[in-house]
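Go ahead and model the full structure; you've got the sequences and the hints to work with.
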Amino acid sequence: MVLLTLPYTLKITGCAGEGVICAGEMLLEALSRLGFHGAAYREFPSSIEGGYCAVTIQISDKLSYLPVNNIDCLFVRYIAAVEKEIGHCRRGAVLIYDDSSQCSEDELLALLKKLKRSDIQLIAISLIESGNDPGSKKFYSSEILGVVGRFLSIPLSNLEYTVRNRFQYKNLSTLQRNCDMVSRGYQIQQGSHYSKLPLQDKKPFEYEILDGNEAVARAAVSVGCGFFSSYPITPSTGIGNFLARVLPARGAVSCQAEDEIAAIGAAIGASFAGVKSMTATSGPGLSLMQEFLGYASMVELPLVVVDVQRPGPSTGSPAQFAQEDLFAAVFGSHGETSRIVLAPDSIGNCFNLTIDAFNCSEYFQCPVIILSDSVLGLTKGIIPVPERQDVRIINRSVVSGECKETYGESTAGVSECKDIRGELNGEEFKRYSLETAVAPIPVPGYSSVSCRITGLEHDEYGNPTDSAEMRTLQQKRRMNKLNLIETMFPSLVEWDYCTDEIDFGLIAWGITVAAAGSVVERLRSDGFRIAALYPRLLFPVCLNAIKRLQSMTDHIIVVESNGHGQYARLLKMYADVKPHSILSQTGSPILSDTLYDSCVRIVKGCFENEML
Amino acid sequence: MRCSENKRSFSGKLKPTWCKGCTYFIFQKVLNGLLQRLNYDPLSTVFVSGIGCSSRISLYTSAFGMHTIHGRAIPVATGIRLSRSDVSVLVIAGDGDLFSIGAGHFVHAARKNIDITVFCLNNMTYAMTKNQSSPTSGFDHAGSFTPAGNQTLPLNTVEFAICCKSSFVARSTTFTPDHLEKTIIRALKHRGFSFVDIVAPCRTFNPEYFPSEKQISIVDVNETMQFDMKDYSSALQCASRCIFPSRESPAVLPVGTFFEA
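Protein sequences appear in the order of chains A and B. The first sequence lines up with residues 0 to 611 when you count with numbering that gives the first Met the number 0. The second sequence lines up with residues 0 to 260 when you count with numbering that gives the first Met the number 0.
I should point out that these hints are in silico values taken from the structure, not numbers from a laboratory. Among the hints, a few may not be true.
Claimed, not checked - Below, computed lysine to aspartate or glutamate pairings styled on EDC-like, alpha-carbon distance capped at 16 Å:
1. B:Lys-229 x B:Glu-158
2. B:Lys-14 x A:Asp-465
3. A:Lys-429 x A:Asp-458
4. A:Lys-61 x A:Glu-207
5. A:Lys-61 x A:Asp-200
6. B:Lys-12 x A:Asp-458
7. B:Lys-188 x B:Asp-114
8. A:Lys-546 x A:Glu-485
9. A:Lys-112 x A:Glu-82
10. B:Lys-14 x A:Asp-458
11. B:Lys-12 x A:Asp-525
12. B:Lys-164 x B:Asp-219
13. B:Lys-111 x A:Glu-257
14. A:Lys-603 x A:Asp-525
15. B:Lys-12 x A:Glu-427
16. B:Lys-181 x B:Asp-219
17. A:Lys-571 x A:Asp-553
18. A:Lys-115 x A:Glu-84
19. B:Lys-12 x A:Glu-426
20. B:Lys-111 x A:Asp-575
21. A:Lys-546 x A:Asp-575
22. A:Lys-113 x A:Asp-71
23. B:Lys-181 x B:Asp-114
24. B:Lys-188 x B:Glu-259
25. A:Lys-475 x A:Glu-456
26. B:Lys-14 x A:Glu-427
27. A:Lys-603 x A:Asp-502
Here you go:
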């Protein structure tokens with residue numbers, strides 16, 4: 000029995016419709032019950048049945064680990080999957096294959112020899128379901144769970160409990176058949192290759208299994224989001240799926256709009272009505288939302304927009320991964336707009352950062368864009384979810400009125416409202432007062448004064464104006480109001496450094512942080528002195544943090560998954576940094592081994608750029 | 000939301016930028032007077048508009064006003080209505096705003112029967128950009144982009160609204176303020192998506208409609224035509240015959256309530 004070291008990466012592959020992803024998610028649940036951390040990253044084609052499909056399970060003892068390491072164990076049913084995945088396998092990796100499908104041992108050995116990978120250890124098993132009954136396809140998931148569970152020496156009772164949990168709402172015969180299949184899979188002989196995972200002392204059940212999309216949605220509920228509207232688009236649809244189930248029961252609204260323009264328009268309308276609102280989309284939808292994003296900046300209404308990024312341009316690759324929408328999020332829409340762009344760097348952070356996004360947007364009265372991505376959005380993770388009372392919530396400042404009872408629970412809090420009736424002395428209310436960064440917002444049906452808002456340039460009262468002087472003053476105020484964000488929300492920038500004496504600095508954002516984190520550890524053990532900066536606040540650029548890093552070193556490496564080096568270019572523009580870029584456009588996240596090699600090459604090669 | 004204690008005025012402090020004698024002044028006067036008379040509370044009423052001459056009206060009220068972006072008044076109004084059932088939501092926009100750039104939104108708000116009242120201030124031209132043909136411009140209308148005459152037939156807004164399953168559809172005109180007032184009252188009292196096409200020709204770019212008494216004969220379909228406004232197909236049939244401006248008889252303006260579910 001081999002004792003495995005963590006983090007351990009296991010990948011189950013197959014065809015869409017074979018239950019591969021279901022097997023992976025059940026394995027994650029069984030692991031969470033044993034006290035492990037972990038994540039299950041799903042890969043699927045843009046079709047319901049047929050096409051390559053896989054789930055990567057990262058087993059870890061650390062929080063929110065994302066699948067960015069090379070594969071330790073690969074499960075295949077088709078020989079094509081071996082050709083596709085072998086390059087991602089570590090030396091000495093285990094290959095479990097189904098010899099009853101289209102994989103014969105001879106063929107496999109020949110292929111591995113041809114690929115010069117005779118280091119791979121083979122385990123042959125025969126799935127009973129691969130036989131002749133096409134209708135039985137749906138039980139693969141449980142059988143695969145049994146096989147993989149046995150390989151990792153997870154107790155059968157745990158696996159059976161997981162299967163019962165997963166299929167509890169199916170009919171009895173389906174449930175029974177799945178229970179039979181998990182124990183059938185468990186009994187398949189695997190020779191002498193059984194392994195064992197190190198015991199964990201983490202208390203189970205303190206954690207929840209959510210993917211990044213669900214974590215964003217959960218956070219929106221916790222922070223009191225009262226209105227969500229969206230249009231279905233891969234890979235952001237999960238957010239709408241979650242909120243459509245949860246919001247109505249809380250007296251809040253979830254609405255499927257006719258397109259992305261209507262989705263953001265309705266969210267802006269709800270925000271004007273005093274309700275915290277959110278919309279979610281992916282690249283093409285973000286393009287459609289640009290005009291309304293400019294409007295929200297101009298009229299200064301709080302709004303949260305989630306962009307679950309996928310590779311573009313145009314329709315691009317809907318089910319693949321990229322970090323290409325940063326420029327669109329920062330600069331999209333005409334004119335110069337005041338907005339905030341945040342990027343979560345782990346599944347757990349999808350929750351926390353969504354809370355921050357609402358808080359920033361309520362406080363600064365501007366749109367906040369959350370740049371998630373397809374991997375974060377679709378990867379299930381075992382993550383901690385804070386209790387509702389532990390969530391720090393900032394509500395917009397509103398003008399108070401008499402009829403508080405009509406102002407429901409799901410709307411912004413009344414705690415910070417301001418009664419300005421006495422101060423007005425018959426004068427009009429200054430919604431866009433130049434004396435403060437942001438003025439209180441009048442809310443229809445609640446406040447004692449009304450207001451009119453327009454996308455036209457306006458004076459302090461909100462009335463349209465042609466005055467060049469007023470335009471300059473208002474535009475300056477709208478831009479400058481965000482100056483304090485880095486100081487007010489320090490959790491938006493994450494540091495990892497030991498000493499001020501460093502050889503170079505590494506900057507990563509979004510999911511790339513997961514790979515960067517393990518690379519930094521390895522490079523430090525190699526003797527390099529490194530400071531790592533992980534900004535979640537991408538725009539406005541976190542100048543304080545960047546300046547501090549600049550004071551430590553001239554050599555700064557920025558890692559990101561796009562071709563332009565978009566964040567590196569933002570740093571050049573706003574902070575006068577001249578970083579070295581490591582870029583990747585492969586459609587999948589940068590793996591830690593690849594990033595390590597690349598960093599080493601850059602450092603040894605006297606700092607050049609690198610495109611993977 | 001009605002305001003019980005005192006009748007509050009809906010007149011705003013800002014002076015409209017409309018041309019002298021603009022037909023929109025008539026609509027504004029009728030609407031503001033009605034809202035006050037019907038005890039609407041300006042602090043619980045939202046005017047939502049898009050972009051264009053008519054859309055400026057949301058800045059000229061004492062109620063809450065949202066002057067949004069071109070063509071998107073309806074989605075914004077939908078968001079307000081769905082999140083707050085206690086405020087009254089009025090959409091006031093032009094023919095280009097509602098039926099050209101924003102036509103896709105009209106369909107769905109009507110289909111979903113969102114409880115908002117939509118007034119189309121139909122001047123049959125893009126006036127703010129100095130006269131281009133709009134979806135409701137007559138055949139041969141000489142817009143600045145179609146100097147040889149617009150070669151498309153106008154959209155019949157009431158027929159379109161009924162096809163989209165609006166639950167209240169009417170047409171009136173600023174030429175007859177009394178009829179306009181009666182129609183607006185019916186539209187405001189209707190629960191569900193209500194649409195009123197208000198023919199309000201542009202004095203600057205459509206001078207041929209003035210003075211109206213000589214040029215146009217206004218026909219009330221509820222008095223002159225036999226149809227059942229509660230019956231979808233009967234209403235649709237009637238509305239489809241009541242296009243304005245029609246190519247055959249451009250001087251006839253059919254008004255009235257076409258459909259009420």
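Are the Cα positions of Lys-61 of chain A and Asp-200 of chain A separated by 16 Å at most? holds (12 Å)
Satisfaction of hint between Glu-84 of chain A and Lys-115 of chain A, Cα-Cα up to 16 Å: This hinted pair holds, its Cα atoms lying about 14 Å apart.
CA of Lys-61 of chain A to CA of Glu-207 of chain A, is that 16 Å or under? holds (15 Å)
Given the proposed pairing of Lys-603 of chain A with Asp-525 of chain A, does the C-alpha separation stay at or below 16 Å? holds (13 Å)
16 Å limit on alpha-carbon distance, applied to hinted pair Lys-546 of chain A and Glu-485 of chain A: holds (13 Å)
Can you confirm whether the C-alpha distance between Lys-12 of chain B and Glu-427 of chain A stays at or below 16 Å? Holds, because 9 Å separates the two Cα atoms, which is no more than 16 Å.
Does Asp-458 of chain A lie within 16 Å of Lys-14 of chain B when you go C-alpha to C-alpha? holds (15 Å)
Within 16 Å, alpha carbon to alpha carbon, are Lys-14 of chain B and Glu-427 of chain A? With Cα atoms ~15 Å apart, Lys-14 of chain B and Glu-427 of chain A stay inside 16 Å; holds.
Check the hint pairing Lys-188 of chain B with Glu-259 of chain B against an upper bound of 16 Å on the C-alpha distance. Judged against 16 Å, a Cα distance of about 11 Å means the pair holds.
Under the criterion that the straight-line Cα-Cα distance not exceed 16 Å, is the pair Lys-181 of chain B, Asp-114 of chain B satisfied? Roughly 19 Å separates the two Cα atoms, so the pair is violated.
Under the criterion that the straight-line Cα-Cα distance not exceed 16 Å, is the pair Lys-111 of chain B, Asp-575 of chain A satisfied? violated (52 Å)
For the pair supplied as a hint, Lys-12 of chain B and Glu-426 of chain A, confirm whether the alpha-carbon distance does not exceed 16 Å. Distance of about 11 Å is within 16 Å: holds.
When held up to the earlier numbered hints, the structure conflicts with 11, 12, 20, 22 and 23 and fits the remainder.
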